[in-house]
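One-letter residues, chain by chain:
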Amino acid sequence: MKKTTTLTKLPAIFSAGLLAMPAAHAVDVDVSGFIRQEMAYSISDDQNPMNRGTAAVSGTVPNTTGGADFIKKDFDYDNDWNMMATRAEVNFTIGISENVKAFVKVRGFYSADVFNDVSVENGAKDVNQFRVDQHGKCASIFEVCDDDFMIDLPSAYIDYSEGDLWVRFGVQQIAWGEAIFFRVMDVPNGLDLRRHTFLDLASEEYADERISSPAIRVSYNLNSNWEVETFAQMFQPSVLPQSGTAYSIINSPFRVRNDIGFDKVDDKINVGVRLVGQLGDLGLQFMATARHNPDPIFKWGPGGQTALDPAFAALGTFSDQPFRSTGSPGAVGALNSGTYGGLDWMTSAHLMGVNGVEAINVLGQEFALIGNFLTASGYSGPDYVNSVAEGSLALDGFFTQLGDLEADIIPIYAAENVFGFGANYIFYSEPDTWLDQLVVRFEMTYTPDKKFSNNMSRNFIEEDEWVTGLVLEKYRRFSDAFPATFLVFQWMHKSESDLSGRHLSNLGGSPTKAPSGGEESGGWDAVSFAIQQPLPGLIWRLDMNVLYDLNGSYLIQPGVRYKPNRSWTIEGFASFLDSKDNAGALQPLAWADEVSLRLTYQF
Amino acid sequence: MGAGVLTSLWPLIGETADITKAYPEELLSIEAFTQGKLKDGDIIDASNVEIVKDLIDPIAYLQVSQQGRRIKLVPTTTDATQLFPHDYLKATLANQGKAALDQDGNVVVKGSTNQWIGGTPFVDPQNGLEAFANITLSWGRHDTSIYAVDDYDIGPSGNIEYQYQIAWCEKNFSTLVSNPSGPYLEGFNGKLRHQSIWFTAPDDTRGTSFLNIWKYDQREFPDLFGYLPAFKRVRRFPTNQRFEPLVPGITFFLSDAWAAGDPMLTWGKHKIVGRGPFLGCQSGMWHGDKENWSKEHLVHGGKKGNTFYEANFQLCPEVIVVEAEPTGFPRAPVSKKRIWLDARNMVPIAYVTYDRNGDIWRSYEMGFSQMKQGNKANLDANGNPEWAWSYIHSHDIQGDRFTRFNLAEKIKGGIRTQFDSENAYEKYLTVQAIRKLGS
Numbered sequence: 001m002k003k004t005t006t007l008t009k010l011p012a013i014f015s016a017g018l019l020a021m022p023a024a025h026a027v028d029v030d031v032s033g034f035i036r037q038e039m040a041y042s043i044s045d046d047q048n049p050m051n052r053g054t055a056a057v058s059g060t061v062p063n064t065t066g067g068a069d070f071i072k073k074d075f076d077y078d079n080d081w082n083m084m085a086t087r088a089e090v091n092f093t094i095g096i097s098e099n100v101k102a103f104v105k106v107r108g109f110y111s112a113d114v115f116n117d118v119s120v121e122n123g124a125k126d127v128n129q130f131r132v133d134q135h136g137k138c139a140s141i142f143e144v145c146d147d148d149f150m151i152d153l154p155s156a157y158i159d160y161s162e163g164d165l166w167v168r169f170g171v172q173q174i175a176w177g178e179a180i181f182f183r184v185m186d187v188p189n190g191l192d193l194r195r196h197t198f199l200d201l202a203s204e205e206y207a208d209e210r211i212s213s214p215a216i217r218v219s220y221n222l223n224s225n226w227e228v229e230t231f232a233q234m235f236q237p238s239v240l241p242q243s244g245t246a247y248s249i250i251n252s253p254f255r256v257r258n259d260i261g262f263d264k265v266d267d268k269i270n271v272g273v274r275l276v277g278q279l280g281d282l283g284l285q286f287m288a289t290a291r292h293n294p295d296p297i298f299k300w301g302p303g304g305q306t307a308l309d310p311a312f313a314a315l316g317t318f319s320d321q322p323f324r325s326t327g328s329p330g331a332v333g334a335l336n337s338g339t340y341g342g343l344d345w346m347t348s349a350h351l352m353g354v355n356g357v358e359a360i361n362v363l364g365q366e367f368a369l370i371g372n373f374l375t376a377s378g379y380s381g382p383d384y385v386n387s388v389a390e391g392s393l394a395l396d397g398f399f400t401q402l403g404d405l406e407a408d409i410i411p412i413y414a415a416e417n418v419f420g421f422g423a424n425y426i427f428y429s430e431p432d433t434w435l436d437q438l439v440v441r442f443e444m445t446y447t448p449d450k451k452f453s454n455n456m457s458r459n460f461i462e463e464d465e466w467v468t469g470l471v472l473e474k475y476r477r478f479s480d481a482f483p484a485t486f487l488v489f490q491w492m493h494k495s496e497s498d499l500s501g502r503h504l505s506n507l508g509g510s511p512t513k514a515p516s517g518g519e520e521s522g523g524w525d526a527v528s529f530a531i532q533q534p535l536p537g538l539i540w541r542l543d544m545n546v547l548y549d550l551n552g553s554y555l556i557q558p559g560v561r562y563k564p565n566r567s568w569t570i571e572g573f574a575s576f577l578d579s580k581d582n583a584g585a586l587q588p589l590a591w592a593d594e595v596s597l598r599l600t601y602q603f
Numbered sequence: 001m002g003a004g005v006l007t008s009l010w011p012l013i014g015e016t017a018d019i020t021k022a023y024p025e026e027l028l029s030i031e032a033f034t035q036g037k038l039k040d041g042d043i044i045d046a047s048n049v050e051i052v053k054d055l056i057d058p059i060a061y062l063q064v065s066q067q068g069r070r071i072k073l074v075p076t077t078t079d080a081t082q083l084f085p086h087d088y089l090k091a092t093l094a095n096q097g098k099a100a101l102d103q104d105g106n107v108v109v110k111g112s113t114n115q116w117i118g119g120t121p122f123v124d125p126q127n128g129l130e131a132f133a134n135i136t137l138s139w140g141r142h143d144t145s146i147y148a149v150d151d152y153d154i155g156p157s158g159n160i161e162y163q164y165q166i167a168w169c170e171k172n173f174s175t176l177v178s179n180p181s182g183p184y185l186e187g188f189n190g191k192l193r194h195q196s197i198w199f200t201a202p203d204d205t206r207g208t209s210f211l212n213i214w215k216y217d218q219r220e221f222p223d224l225f226g227y228l229p230a231f232k233r234v235r236r237f238p239t240n241q242r243f244e245p246l247v248p249g250i251t252f253f254l255s256d257a258w259a260a261g262d263p264m265l266t267w268g269k270h271k272i273v274g275r276g277p278f279l280g281c282q283s284g285m286w287h288g289d290k291e292n293w294s295k296e297h298l299v300h301g302g303k304k305g306n307t308f309y310e311a312n313f314q315l316c317p318e319v320i321v322v323e324a325e326p327t328g329f330p331r332a333p334v335s336k337k338r339i340w341l342d343a344r345n346m347v348p349i350a351y352v353t354y355d356r357n358g359d360i361w362r363s364y365e366m367g368f369s370q371m372k373q374g375n376k377a378n379l380d381a382n383g384n385p386e387w388a389w390s391y392i393h394s395h396d397i398q399g400d401r402f403t404r405f406n407l408a409e410k411i412k413g414g415i416r417t418q419f420d421s422e423n424a425y426e427k428y429l430t431v432q433a434i435r436k437l438g439s
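Line by line, the protein sequences give chains S and V.
Per our numbering, the first sequence starts with residue 1, numbered consecutively.
Per our numbering, the second sequence starts with residue 1, numbered consecutively.
Keep in mind the hints are simulated off the structure, nothing from the lab.
Among the hints, erroneous ones may be present.
Result set (SDA-like, lysine to any residue): computed pairs, CA atoms no more than 25 Å apart in a straight line [what the hints assert, rightly or not]:
| # | chain 1 | residue 1 | chain 2 | residue 2 |
| --- | --- | --- | --- | --- |
| 1 | S | 474 | V | 236 |
| 2 | V | 215 | S | 481 |
| 3 | V | 336 | S | 481 |
The calculated label-pair distances, taken between Cβ atoms and stated as ranges, are [what the hints assert, rightly or not]:
| # | chain 1 | residue 1 | chain 2 | residue 2 | range |
| --- | --- | --- | --- | --- | --- |
| 4 | S | 481 | V | 269 | 51 to 61 Å |
| 5 | S | 472 | V | 15 | 52 to 62 Å |
| 6 | V | 15 | S | 533 | 34 to 44 Å |
| 7 | S | 222 | V | 112 | 42 to 52 Å |
| 8 | V | 269 | S | 435 | 20 to 30 Å |
| 9 | S | 435 | V | 21 | 23 to 33 Å |
| 10 | S | 481 | V | 374 | 16 to 26 Å |
| 11 | V | 304 | S | 432 | 54 to 64 Å |
| 12 | S | 570 | V | 94 | 52 to 62 Å |
Residues of chain S placed beyond 10 Å of chain V at every Cβ, according to the derived structure [to be verified]:
| # | residue |
| --- | --- |
| 13 | 67 |
| 14 | 95 |
| 15 | 174 |
| 16 | 178 |
| 17 | 216 |
| 18 | 316 |
| 19 | 539 |
The C-beta atom is built at its ideal place from N, Cα and C for all residues, glycine as well.
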């Protein structure tokens with residue numbers, strides 16, 4: 001088993017902070033933590049269509065050129081468990097002096113071998129859940145990982161405070177804004193979705209997912225009402241669920257070249273400043289960040305399969321274009337692990353929010369060999385194909401010659417500036433009315449010239465994006481016997497993209513129809529509603545969370561939490577997802593109906 | 001009607017601090033009061049509690065008579081200096097007679113609109129609102145207090161089901177008594193106090209923090225900000241849910257703090273319903289000789305022998321019994337609270353609440369003590385023994401859940417009990433501070 005250790009920078013960070021420690025001061029260390037078993041059992045007949053073992057299209061795939069149909073092996077894996085994991089977290093709270101404190105959280109996560117997919121790499125039934133080619137072979141800078149486990153440091157920082165000044169130096173999460181789950185002003189950090197995507201308890205928001213990195217964060221109280229805060233943080237990308245894992249959202253034949261994409265920005269620093277304060281009863285926030293967006297946009301990368309260069313020399317250099325034939329030397333994936341046929345292509349592309357027709361045109365425009373191939377096949381550029389039928393025919397010609405194909409895509413982390421404004425206000429009205437003590441929060445961000453994936457083109461879509469969020473919160477007692485019910489309604493609007501940042505113009509395609517761009521008009525909207533009802537003593541708590549995307553997808557998550565004593569906590573929740581079509585923001589996980597159980601022992 | 005039976009209490013306190021002449025012997029000695037049936041040093045238990053049934057609140061009576069609680073009788077404190085922090089008593093004496101309620105019901109300096117200038121505003125309260133003002137304006141009788149609290153929560157089984165370590169900090173911006181530049185802190189006009197509560201253990205609650213910003217106008221609800229570790233950020237919360245436990249298993253509500261956890265004018269129908277002697281804890285409960293000021297050696301009673309502290313109760317010669325109703329909280333599960341205020345120092349030595357059916361629901365018993373034990377003492381900046389609450393018994397008799405707090409010297413997170421520390425505001429009482437306390 002190969003392990004990669006990237007902890008070498010930690011001592012340097014801490015030794016710098018410890019210089020501030022008075023020699024005679026006794027260091028006070030508290031250790032706490034928990035161990036938890038986490039499991040998620042599928043309650044749906046559906047399987048993840050992005051994985052090769054349960055691919056959206058398999059079996060006999062029609063060849064529209066009139067040649068022999070394509071035979072894409074149907075593995076028909078049936079996974080009952082989406083997750084079976086053991087998590088341990090150990091926290092060290094270190095009092096160094098009156099003004100200097102440190103905190104270190106070590107997180108270990110082991111994923112048992114309950115989920116099978118066809119390994120793209122070797123065809124075996126195993127999956128890599130955690131290795132990511134960013135920092136060495138792991139995602140974050142202080143992480144040890146392998147296929148089935150990761151150990152990292154979500155927090156490892158030193159706090160220094162003196163009067164109105166507070167400085168936090170080290171590995172940390174930074175969360176801004178007040179909207180929950182809908183990330184409007186919460187722009188400093190990306191998300192690590194390798195463990196349970198965002199299908200953990202919705203009421204926990206992104207506590208486990210928000211990915212940390214080394215930073216210096218400085219806050220200063222200007223007076224009793226206003227605070228200014230700024231940060232400079234090492235760029236750390238979001239981490240998508242790995243290909244072939246339970247919650248993968250990237251089609252398995254794609255190899256994401258993190259090594260190329262991240263290397264271009266691994267030395268970048270994201271910076272931000274915000275002003276937070278009260279103006280009478282009105283709470284206000286203003287923020288600006290200059291960052292590389294941690295959420296990647298993708299473009300095609302050269303496949304590098306030189307073995308086929310001679311055979312295609314008449315059309316150009318084969319290895320310069322993105323595809324590799326799995327049946328020829330130089331393929332990364334196992335034989336028959338690729339996309340096979342126009343129907344497969346269109347189905348998978350439209351599931352992912354890529355316009356399968358335009359992606360062909362992009363290939364023709366940006367890669368000489370493919371352009372030449374299309375021209376030789378009778379298509380004229382720059383818009384070589386204009387429909388799913390045309391595109392499928394062209395593709396089927398390609399697949400006929402090459403067999404099933406895999407490809408490289410490169411994540412790009414575009415530079416952008418985000419400006420934001422937020423406000424909150426608590427209404428006071430006649431006691432016992434719905435308006436009394438109703439909390440209203442509003443947030444808005446503006447990102448000029450934001451870049452979006454453009455069907456894998458190197459020429460990204462570039463548009464100004466506005467994101468707004470409105471939150472209404474209310475505590476209300478419905479009976480004397482039960483504590484107050486917590487009710488939250490949220491609305492989010494994004495002008496150009498959906499929840500996960502996919503440009504709206506590329507959503508809504510189907511196996512037989514390309515996206516029309518119609519999803520773009522009016523932007524993207526979603527509402528969420530959450531109810532939290534503790535029972536007397538707070539020993540039991542009932543949760544209900546609903547997210548409804550106005551494009552037609554939803555997540556419903558009822559849950560229950562039982563905390564019988566100090567040491568043990570049991571949580572059960574179910575996630576029901578669906579989407580009426582590929583326009584839905586939750587379509588990539590629409591298959592993932594599941595029941596989750598978490599059993600925690602804390603010490 | 002004023003405090004004192006034989007003569008007015010407060011002139012005596014002002015002259016010699018000795019209250020003896022204000023009350024007859026039978027109100028200063030439990031032996032005299034019970035005609036020899038009980039004496040100092042005796043233990044009240046199920047066998048003799050009937051003798052003092054009318055001198056303890058109904059839930060304390062239930063605890064002793066049915067749940068194995070024991071209470072130790074100790075002499076009545078007659079030296080008033082042992083019943084206050086030094087500076088607070090000094091301010092109370094200096095400002096006697098200067099307080100008035102304005103037309104809204106807020107306390108002002110008589111003949112002006114100025115906020116109160118420190119100490120107990122109404123040493124002889126003439127109505128329920130004045131009595132509540134005495135416990136609301138300055139909770140801990142210090143300008144700044146930081147309490148390190150060991151919490152034990154006992155369930156219906158009698159087992160300790162939950163344990164928390166809780167830090168509590170309160171800082172007044174007006175009614176100051178130890179501030180060299182006067183009773184108000186510059187830059188905080190219109191504010192009464194900032195108060196925060198945060199949990200340092202166990203792991204799943206560590207970092208949970210709440211900041212209350214109280215306005216001086218007692219008609220207004222405090223602003224409430226909270227840091228929940230799951231959210232990694234400070235959010236503003238509505239503040240009218242003050243009758244809920246903050247964490248599982250605990251029976252403490254924000255509304256309970258000092259028996260005056262809500263702005264006093266958000267309650268109504270304040271009234272004095274009685275006066276007379278009562279038993280309460282006013283001395284000898286600071287255990288500076290024990291590691292971390294522990295009271296574990298005093299734990300007893302309940303189904304498993306680990307519910308109550310054996311508290312020192314003394315005959316308090318005069319209490320003022322006051323009641324109020326939560327008129328500003330129409331959906332509160334409480335219909336009424338009743339508080340027994342010791343006339344000597346106006347602290348709530350007993351406090352019970354009633355549910356919406358009028359049935360008794362919970363008690364919140366605070367034990368107070370000068371922080372002096374033999375030759376050990378916790379001293380203020382001027383060398384005077386400190387004074388504070390020492391333990392709390394909070395009992396939900398309907399849910400059969402019991403919470404006890406011990407005021408500890410320190411808890412996890414490096415929090416130490418201390419008073420009038422200079423930098424408490426920046427460290428614990430701002431939005432920035434509670435974000436920093438989270439992790």
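- Holds or violated: residue 336/V to residue 481/S, with C-alpha atoms at most 25 Å apart: holds (16 Å)
- Does the claim that residue 174/S lies off the interface hold, with its Cβ farther than 10 Å from every Cβ of chain V? Since the minimum Cβ distance to chain V is about 8 Å, residue 174/S lies within 10 Å and the statement is violated.
- Message: The hint says 51 to 61 Å between residue 481/S and residue 269/V; measuring C-beta to C-beta, is that right?
- Response: violated (24 Å)
- Item | Cβ distance range 42 to 52 Å for residue 222/S and residue 112/V, holds or violated | violated (32 Å)
- Message: Run the distance test for residue 474/S versus residue 236/V: straight-line Cα separation, threshold 25 Å.
- Response: Since the Cα atoms of residue 474/S and residue 236/V sit roughly 12 Å apart, the hinted pair holds (cutoff 25 Å).
- Query: Against chain V, does residue 178/S keep a CB gap of more than 10 Å to every residue?
  - Reply: With a cut-off of 10 Å, residue 178/S comes too close to chain V, as the shortest Cβ separation is near 5 Å.
- Task: Could you check the hint for me, namely that residue 570/S and residue 94/V are 52 to 62 Å apart, CB to CB?
- Result: At 58 Å between Cβs, range holds.
- Task: State, for the Cβ atoms of residue 15/V and residue 533/S, whether the hinted interval 34 to 44 Å holds or is violated.
- Result: violated (58 Å)
- Is it the case that residue 95/S keeps its Cβ farther than 10 Å from each residue Cβ in chain V? violated (4 Å)
- Within 25 Å, alpha carbon to alpha carbon, are residue 215/V and residue 481/S? Not satisfied, since the Cα-Cα distance of roughly 31 Å exceeds 25 Å.
- Item | residue 539/S and chain V, when compared Cβ to Cβ, separated by more than 10 Å | Label violated. Min Cβ-Cβ 5 Å, cutoff 10 Å.
- Does the claim that residue 67/S lies outside the interface with chain V hold up, using a Cβ gap greater than 10 Å? Non-interface label on residue 67/S holds, nearest chain V Cβ at 56 Å vs cutoff 10 Å.
Hint compliance for this structure: hints 2, 4, 6, 7, 9, 10, 11, 14, 15, 16 and 19 are not met, and every other hint is.
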